[in-house]
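Chains U and E are the protein sequences, given in the same order. Note that the first sequence covers residues 1 to 173 in the numbering used here. Note that the second sequence covers residues 1001 to 1269 in the numbering used here.
Hints are supplied without guarantee of correctness; some may be wrong.
Stated by the list, open to error - Here's a subset of chain U near chain E, in silico, CB distances under 10 Å, partners left out:
{"#": "1", "residue": "GLN65"}
{"#": "2", "residue": "ILE67"}
{"#": "3", "residue": "TRP103"}
Said to hold, decoys possible - Chain E is faced by these chain U residues, among others (derived, beta-carbon under 8 Å):
{"#": "4", "residue": "ARG10"}
{"#": "5", "residue": "ASP31"}
{"#": "6", "residue": "GLU39"}
{"#": "7", "residue": "TRP45"}
{"#": "8", "residue": "THR102"}
{"#": "9", "residue": "HIS113"}
{"#": "10", "residue": "LEU117"}
{"#": "11", "residue": "ARG149"}
{"#": "12", "residue": "ARG153"}
Derived by calculation from the structure, the hints in this document are not laboratory data. Backbone N, C-alpha and C fix where the C-beta goes; we use that ideal spot for every residue, glycine too.
Now for the letters of each chain:
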Amino acid sequence: MNPPDDDQLRELLPRLRRFAVSLTQNPSDADDLVQSTLEKAISHWQRRRADGDLRAWLFSILYRQFIDGRRRAGRYARLMQLFTGEPQTSASAEDIVVANATWEAFDRLPPEHRALLMLVSVEGLSYREVSETLDIPMGTVMSRLSRARRSLRELDEGEPREKRPAPSLRRLK
Amino acid sequence: MNPNRPTEQHLHAYLDDQLDAERRQWVATWLQANPERAAELEAWRRNSQHLRARYANPEQWPANASLDPAAIRRRQRAGQRRWLATAAMLVMTLGIGLSGGWTMRDMTTPASPPPMADAVQAYRLFTDSVSFDGNTAIDGNSVVGVSDTAVPEPGANSREKIVKLFQAHFSDGIMPPDLSAAGLEMTDARLLATDQGPAAMVVYRDRTGRQMMMYIRPPGAGHHMLEPGKRVDGQLMAQYWSKGNYNYAVVSRPDDPNAAMLEQMLRES
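Turn these sequences into a full structure, and let the hints guide you.
Structure follows, in structure tokens:
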């Protein structure tokens, strides 16, 4: 297979950054994630299926990198907790996020649900492509999609506004 | 054939435009008759629209030059070069360290004595065929002492004393053979103290006065067993080997035919 065409990768860069931001919820971490994804994609180009969709393949690498990173961070946090006795919270988020009820609710979903909603609702991938990208069976895609949408709606509409921790403009860091 | 009512999966697929035309129409018709589910679907649709609005136009986000594929490729190549340079440096350092260390070892370690040098020294000390002339000093520190008590006098009962000596100190070793039928008499036997442990030497003399010696001792702390071999040391020849728990040597003049016979008998015992 020919080496990756830089123009093809450049064209997909904005979508990769968008998917990464939705997962990491932090532009700086998101760009780090995109960078490691591209590094892996370039060095593992030979393993890519010739007939596979490049976008779905890159999304799957990015998601795997994100999940692996979270596991490492979790192990590190547990280790730190052993030494300090205090749970470590990861530094988070955008400088200023103009909040919208749905956006706030989305940010509170688990990352697995965020990834699914991004790929289906924002990227417009087919359920089959989502199944391959996230490496989960079709049945799980459907049941997770159902749970994700119900959770998003409950968080968006079900909770009284005054109980929400953040005002409509919030500084996360 | 469609079921009576759409499943949850049908509703999501309808929302995500992943149904064929026929099913799409069927779900749309069903939703018209079920306004509660239609409202729920509408809420999901609104949520999706909000998400799309939030993440719209990522191509207009501030550019990050470090994410450009060409830049990443350059960094990867530079990283590989750095890695190779580091690996080469490590290999070179290791090579210098190893060769330097080996040279230092050769320079600082005294030359190890040849195998069974103590046997040859014992022969020189205690047989009268090669006189101790003051020049053949004990330089290997191998023979460090001699027993005064276990020196059997040559004679009729010397064989018995030698057997007792061997049974006491080398019970699982090979006994010195009786070679009187070949005209060889045991003329001396001594127990020696060496760095490797107690050793014993037995001297045979033939009718012409030629002497040869059998020597036995443990291999020492390192349990260093010998490859069978022979070497000429001055006017003497030593044949040596290991068997069981002991090292053996036969020391004689190089031209003494009896030595080969003794060596063969001992090795086949």
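Quick rundown of the hints versus the structure:
With a least beta-carbon distance of about 14 Å to chain E, the hint placing U/GLN65 at the interface is violated under the 10 Å criterion. Taking 10 Å as the C-beta contact cut-off toward chain E, the hint placing U/ILE67 at the interface is violated, the least distance being around 20 Å. The interface hint given for U/TRP103 is met, as the beta carbon of that residue sits about 5 Å from the closest beta carbon of chain E, less than 10 Å. A least Cβ separation of about 6 Å between U/ARG10 and chain E falls short of the 8 Å threshold, and the interface hint therefore holds.
Residue-level restraint check for U/ASP31 holds (minimum Cβ-Cβ distance to chain E is 5 Å; threshold 8 Å). For U/GLU39, the shortest C-beta to C-beta distance to chain E is roughly 6 Å, which falls under 8 Å, so the interface hint holds. Among the interface hints, the one on U/TRP45 is violated; its C-beta lies about 11 Å from the nearest C-beta in chain E, farther than the 8 Å criterion. Taking 8 Å as the C-beta contact cut-off toward chain E, the hint placing U/THR102 at the interface holds, the least distance being around 4 Å.
For U/HIS113, the interface hint is violated, since its Cβ never comes within 8 Å of a Cβ in chain E; the closest pair sits about 12 Å apart. Among the interface hints, the one on U/LEU117 holds; its C-beta lies about 6 Å from the nearest C-beta in chain E, closer than the 8 Å criterion. Using the Cβ-Cβ criterion of 8 Å, the hint placing U/ARG149 at the interface with chain E is satisfied: the shortest such distance is roughly 5 Å. For U/ARG153, the interface hint holds, the least distance from its beta-carbon to any beta-carbon of chain E being 5 Å, beneath 8 Å.
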